[in-house]
Each structure stands twice: as structure tokens, then as C-alpha cells.
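2 protein chains.
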Amino acid sequence: MKKPLILVTNDDGIAAPGIRSLVESAKEIGEVIVVAPDSPQSGMGHAITIDDPIRLRKVQVFEGIESYECSGTPVDCVKLAKNIVLKDREIDLCVSGVNHGSNASINIIYSGTLSAAMEASLEHIPSIGFSLLDYSFDADFEASRPYVKALMRYVLQHGMVDGSLLNVNIPSLPTSQIKGMRVCRQADARWVEEFQEARDPRGQPYYWLTGRFVNDDYEEDTDIWALQNGYISVVPSMHDLTNYRAMKGIKDINQITIPT
Amino acid sequence: MKKPLILVTNDDGIAAPGIRSLVESAKEIGEVIVVAPDSPQSGMGHAITIDDPIRLRKVQVFEGIESYECSGTPVDCVKLAKNIVLKDREIDLCVSGVNHGSNASINIIYSGTLSAAMEASLEHIPSIGFSLLDYSFDADFEASRPYVKALMRYVLQHGMVDGSLLNVNIPSLPTSQIKGMRVCRQADARWVEEFQEARDPRGQPYYWLTGRFVNDDYEEDTDIWALQNGYISVVPSMHDLTNYRAMKGIKDINQITIPT
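Protein sequence lines correspond, in order, to chains W and B.
Note that the first sequence covers residues 361 to 620 in the working numbering.
Note that the second sequence covers residues 361 to 620 in the working numbering.
Since the hints were made in silico from the structure, they are not lab data.
Heads up, some of the hints might be wrong.
No copy is singled out in the list; a pair is fine if it fits within one copy or between any two copies.
[Unchecked claim] Below, a list of computed lysine-lysine pairs in the BS3-like style, where the Cα atoms sit at most 30 Å apart:
hint	residue 1	residue 2
1	Lys418	Lys539
2	Lys447	Lys539
3	Lys539	Lys611
4	Lys539	Lys362
5	Lys509	Lys608
6	Lys608	Lys539
7	Lys362	Lys509
Isolated chain W (complex conformation) (with noise of 0.2 Å):
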């Protein structure tokens, strides 16, 4: 039987351990191509390159597997790897991470982990993005790597329904202590802004972003009240942002006239 062709992609860069964890998880299963940003690309959403050309070098930094560092946006690495580097093949299934650090909840907007398995989508690639919740270089990926492979076989097998990626995120607990998989919505939780205010050699004022992640969406069919609880959050996330239930209650403004 033909391996499945995986395309790999992250946000944190090519040289990131997440994505290091994910390849290793992936060639257990298919071909491996990756495709990933040649620095980090954190927070940059859905962001495309279209000023500015864009660099595609080869590169030998995971064992075998034959791999490209980009230098736009995970977005940009993913249209890249579909119309330049995987040009006349299918692509079978692209995963994107693993992150370091959380994508749960409105962080999927901000996230380029996330965009990457978007634009996949987009392109009717089934697509998953794993993120791990510690942020730092050290994470520990191991003990995620059995549910990150058993994610991959299913997508493989059942495909996604059309638009459709999968939204995942793990806690930092060892296998032990993890309960499994839950399938559930995006909390409806946000960031509170806390700029840093500072001056710069020359007095000029600066800002520099931080702040805090605030969650009073506390239901159980939460992907926050998953993570809490030790279970891996698995939402289905998808890229009409049409607010279905919205329509009705606006449909006045088909009657708005203007006097000519």
C-alpha cells in the first residue's frame, strides 16, 4: 500500500523541538515533507506575504526527510508547499506544530500554527494543529506523541468534512496522567491587554504587548474545561466566519433606503 504524503509546518520555526516531535511522529505513518518558516512566526495569524518576495531554501535538519524553510508566514509555507515543492502530488494530510505554548479558545485567530492547518483546509487538505500547553524550548512532547499519532491515523482514515481542521491541544501531563480525547467547542474566553510602556535610548516612547488570558466560559463542552481536567481538546474549527444565527436579527438593513 502507498504511505500517505504528510506535509509538516509549524509556526515556531523549522528549527523549533515542536516541529522536531511532530516529524518524528509523522514518519511513523506516511512520506514526510516539511515545509516550515525559517524563524518564528508566532502570532502571525492568518497573515499572507504579498510586498515582499518570498525564500524557499532546502535544507538538511531532520534525518531523511526531505525538508524546505521558508521565509514568509505558515500560511505562506503551506500555499508554497501545495503550488512550488509538492507541485503534481496530493497532499494527504498536513499537520502543523507542535506548538509551544496554547492555541485553546480565541487563541486560534492569533495563531499561525492554526492558519497553516487553515490554509490546508482551504485547499480540501484534511488538516490537524497540535499545540502543546508549555511554552518553553525544553516542552516535553514525549508523552503527547501516542494521541498526536492516533490523531493523524484517524484524519487519514475518516478524512474531514469539507472546511473543516482539526484544533488540537494537549496538557503538559505525562501519558499517565492524561484521560484521553475530548471533542469540544472553542471557549469563549479572550486576552486582556497589558502594554508595557518603556522608553528607548533616545526617550521616544515604546509598547511592547503582554497581558492575560481570561476564560468565564466555564461549560463542559469546553476546550478550556478539557485542558483543566486533563483531557486533550480536539475542536473542530472551520473558515466560514458567518454568523448564522446573527442573520435574522439584522435583516432590517435589506430595507434601509437611501434618497437619491
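Here the structure of chain W is known, so what remains is to put chain B in place on it, guided by the hints.
Showing chain B alone in chain W's frame:
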């Protein structure tokens, strides 16, 4: 009666004609504060600036309007406006644009204009992103102004369903030919990339992103249909990306166990 406080931003930069038109419209309705990028930020999506300091400078660009330019992304602009510039004041409405070019359908996820509006909606500020279907610098924003003002008034009067924003796209037509406004859903269209490959002076390859917009979603309830038929499209959009319909189909993930 106290005038409403309106925050104006965009992604084409503070010097673009589109934001000037929006400021002109907004100042007929309320007190206007501008916080916009100091350079073009198209395609930035929901990117935020994490690894660099952000500059915020008071500038004189619009007659009698308090204005700031920001070195960050459109989302950074909204965060700085709320937390630094307007710290102790309640923002009644955030408007972003008017963008030079369409943000209909899937363009919403790549758009800095709409991400700025979405960021405001996360902060429970009613918000609207406006875009005109004309990419040129000399685009004629005049025809759309009565509609732009009507929508601002509508949202100020009715508020928005929490977590929603309006994605408003305007056909490039004279006022007399605009048929009105239509509340609709995001069409299921996408971009097909065509990277331009070239060589730099040292013979090294680079790629430049280009592509064409492909829509196969011909339903009459979509934004693309509305725009092609002379209407202004109004899509209520949201930041909850959970694909609720897909949840049931993947519930068996909950049963996956890892042998220990």
C-alpha cells in the same frame, strides 16, 4: 446628547484615500479618533506584534481629528487604541477601512481590515469593516458614503450580537446604480495561487505570491452574488470558529484509548 465615540482604523495605512473617506463619514456621526498603521498592512490577517516593540505617534493627517499612526498591524492598532489612547473611555463603534479592494468571501481571513474589526468585536465594541471593490489608489469612495453612514447609524442604534462584526463590501458603482444592501453569508470561494518564480541578481530563486479568486458557490444568499448583482453585501461574521455541525461526526475520537 453626547456624541458617540468612533474609532477609525484600516490596513492600507493612515495615508490611504479609503480611510480619509471613512473619517469624513464618521465625523458627521460622532467624535472620531484615528489609530491606523503607518504603512500598508494588507494581507496581515489577525497578526499581532509579539517579538518587537510597537511605536505609536500622534500625527496631523485629518483636519481637526485626533490621530495616531502605529508601527504595528491593524489588530495592534485596535489594542493600542483601547488600552493606551482611549484608556478610560468607552468606544461606541469601531470602523475599519474603507479598504481598497474586496474583502468578500474567504478574503475575510487574510484581511487586516476585517481582523481589526474582529479584534474590536472581541472587546465587545460594535464594529464594521468596509471595503470597496476597487484596488486602485484613485478609487471613488464618494458613491458609497450614504450607505457607509447609514450602516454606522444602524449599528450605533441597534448594537451588535455580542462577538459579531459586519463585513461590508461595496460594488464599485455610482450611487444611482447601487440597488441597496443585502444581509448575506460568506460565499465558499477561494484563491488559486500562481506563484511567480524569478531569480535575484545573484541567481537565487524567489517567489512572489499571486493568484486568482475562484468562486463556485452560485447561491443567491452569498456576498459574491449580492456584489455581482449591484448590492452592497453585509455579512455578520464572528470569531467562534467551531464547526458545530462537524462535532457529532467525530465524537468517536472521545473513545480512542492509548494502551499504557
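List of violated hint numbers, smallest to largest
Those not satisfied are hints 1, 2, 4.
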